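Note that the protein sequences, when read in sequence, are chains E and V.
For the first sequence, position 29 matches number 29 in our numbering, and the numbering has no gaps at all.
For the second sequence, position 191 matches number 191 in our numbering, and the numbering has no gaps at all.
Note that these hints are calculated values from the structure, not bench results.
Each computed SDA-like pair below joins lysine to any residue, with the alpha-carbon atoms no more than 20 Å apart:
(1) V:LYS142 <-> E:SER48
(2) V:LYS142 <-> E:GLU51
(3) V:LYS142 <-> E:TRP49
(4) V:LYS139 <-> E:SER48
Small disclaimer: the values here were computed from a predicted structure and weren't measured.
Spelled out from the first residue to the last, the chains are:
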Amino acid sequence: MGHLSGERLYEIFARQKREDRLEHIGTVSAPNPELARVYAWKTYDEASWFEMVVAPRDAFRAVNRDEVPFTLHPAETV
Amino acid sequence: MSLARTDSFKSAQDLPEPVREALAATLLSLADNKRILGMRYGEWILGAPTLESGIACSAMAQDEWGHARILYATLKDFGFEPGVLEHDRPAGEYLSSELLDSAVEDWPDLLALNLLFDAALSVQVEALTSSSYEPIHFKTRKLLEEERFHFEHGRGWATRLSETVAGREALDAAFRRAMGPILRWFGRSEAGFGQLLGSSGVATGDPMILRQAWLDRVVPVLSEAGLEELAAEFEANADLDWSDWNPDRRRVGTGGPDADTLARIRGDKNRSMLMD
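Excised from the complex, chain V in its bound form (with noise of 0.2 Å):
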């Protein structure tokens, strides 16, 4: 790719082809994580172990809501219609993790997603902050400021729950489970979007950069809980499995969301009661 990094674009009909269709593709793929996180979230509401975190993860499924709908916005520019994003698209079509597939049964696991995935959203967001797709810069900021907060309650609920040992082992078993699909959802270093968006300053880093970046954020929050062996095997990330890795959709294998997901995300039953 020949662009030089302090090019800057206007539109996304100006960039050039591949650096286009890469990028939408990250916005997809985040537009698609945040609505689904935001259900998971949003599950929670009644449930969570105190009423507090039942209002936090409210608070975080209505942020979650509010930055996929301005994503899948930001898409028009593309060339995608929103509407069509975000209700016609069978599961097959969504970009989002395996993680997300299905509900999350314990709230260890939504600490997983809260602390650990959430975070890895919110890297490849800050990779946008200086893009040279100048659209997007004023978004991710106030996108960015909401995030601190849910970073900090999957840190406050590490913290909490490493005091005793069935805590402790509860959520290595459940960060344990989540860490495969975290590593690999940067995608892998040699080839692919994210290395030519990369290269291109359409986001600053590389998978392998933003991998690195997503660890340096989230391994001294293990080793703070006392998951220090955890800790080590996430950044070592050595055999990561790519078999079966389908890099347009950042996810293994070609499933997607699950029925009762994919109906209330897209608002299928009360929809149908809307329409001519």
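Only chain E is shown next, with the shape it has when bound in the complex (with noise of 0.2 Å):
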């Protein structure tokens, strides 16, 4: 993927009910958190979701390896 400059990977969670879990549905890249929140809405508007949350994949911190699930599992970007 070629980054401009000054843009953030940002990971994507979503679950359609309450009591579902948040599951990983994907990835935008943005320049900013504001951005991320409305590519994320508008890319992912597949199902009518009861919640949507977006964090900066460089965020998440590997806890028992030293690569966090996204860069081993690169498919799941896109």
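Join the two chains, each given in its own frame, into one complex according to the hints.
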């Protein structure tokens, strides 16, 4: 993915019903959290989400390995 | 107008005639502007600076066309034929802003439509959320919910572009071009349909109040983006040029959407195959 300067990857999590678990549903590249929210909502609009949240990928900390899941499973990135 | 603000109306036919006409013009103005704004967003699905912003433009285009469709349909209650409104009017009958007459060439100009003009439309829609004309209530709710993201998109991009001097200058120039047409779009305070709607409880706020509500929304974003000088000019809106102002169409002059825009929003080329 050709990255523009100043852009970060944001991971998106969502659930359709309150009782569901949050699931990782995708990734967007955005220059700021405001645009990350918009992109997430508008890109992953296939369901009527009860809740959706975004967090920058670089906020995740590996616990038992040296790498975070997003680098172990790059196919999950869009 | 002697309407009490507590009166409520279930049908447009119950509204006193001047109020009915003023409300119909407001709804048609919103519908026409949203129809063409949707097309302008759609033109950036390909060519936006990032894939994500292209997708956002696609979604905003769909939103606007959906809103326009709902608003045109609402006008049936006012005695209009939605099919005619959508497909059979000449350019001179569109109540759309001069900002939308032709395609925008650059991303900052699209952002002016996105952040500034789209917000003006939302301020006008908000003024109808507690309207005494009840059928409009539930339609405005979903529409405004979708619009929150349009504004955030414009805001996020204003922040982004303002990180560089070139970006800030381009934003400043584009927003400056849009300033007059948008400030005027709310109308003149002393007369006209805006006054009539405001004083009758069909909409909250006369043009001056709506213009201020819009400024309260966009000026902080301009300041955030380092465009303080421009923000001050917006706020002053001291010497708005009303020459050639057409209050019925909420725009200057006798123009309208250009030929290409008109053909595409009406669907002319391909509808001709479907006609008897």
